[in-house]
Amino acid sequence: MHARRPRVLFVTDLAYLSKGRRYCDEDIFLSSQLREWVDIALCHPLDARALMDDFDAVVVRNSGPVLGYQDAFDAFARHARENGTKVFTQLTGKGDQRGKQYLVDLFADGFPVIPTVDDPRNVSCLPEVDTYLVKPKWGADSIGMRQVDRAELSNLKPGSLIQPRIDFVYEVSFYFIGRAVQYALHAPDPGRRWDLEPYRATAQDEEFAQRFVDWNDIDHGITRVDACRTVDGALLLVELEDLNPYLSLDRLPESERREFVNHTAEAIVALCAQP
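Numbered per my numbering, the sequence shown spans residues 5 to 279.
Calculated directly from the structure, the hints in this document are not laboratory data. Check the hints yourself; a few may be wrong.
Below 25 Å or equal to it, Euclidean Cα-Cα: the simulated SDA-like pairs (lysine to any residue) are [to be verified]:
#  : residue 1 : residue 2
1  : K104      : L55
2  : K141      : S164
3  : K90       : L110
4  : K23       : R8
5  : K23       : L110
6  : K90       : V133
7  : K98       : D78
8  : K141      : L110
9  : K98       : A84
10 : K104      : P168
11 : K90       : V273
12 : K141      : P162
13 : K90       : R25
It should be emphasised that the depicted structure is a prediction, and the values quoted were computed from it without experimental measurement.
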């Protein structure tokens, strides 16, 4: 008798549209490949709470900004915690799973992140520049972001993120399964964020990204560490995406894409096998 294959609920919004990326293509590809290892069913994030109990694990992938279905996500997360549901990525992240407060806290603790405060009374902690970015703590895909000059900062109310608009050479992203880095991609043109190419990370680069993954303390799931390379050569954290990071798998060579799929499948199967 053959052992029963793990049953996985793959949460995705195939209709979600995002500038510069086709989320649906990535999830169609990834879910089709995972069928080699598990029995898998796709569902919209609004249906996840109703279906999750019939599966061994729930994989949250390109499900779009949680802001679009906050009540449904909160109900899903609450039910998962109360019932010990295995979720990939696990719902204990301290990064984007909890909004952007981590940027304020990490900056205050001396981590190499883009300087960030959430109170205009603290702007003296930031570099003095002509233009600042103001962002909501709960946001995605640059929703609600605006630029202001220094004189306007005094008119802001506490609560929004305030960051200096800094010059950078390029953006780079590091992709992890659990605590292990899988690959890195970068955008050579700062004006084309999603025009990505494979990036040969140095040991120092990987140590930078690893520091944030270790701080976040996630054992199973996928994390993307986004950073920018400043004109003086330093890396600064831009975002720690630990819920449903887009993976840009179409930008990888076939061999690396296959390796990532294999590692993802192995991690999901191992999670399902946990008592």
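- Query: When the hints from earlier in the document are held up against this structure, which numbers fail?
  - Reply: 1, 3, 4, 5, 6, 13
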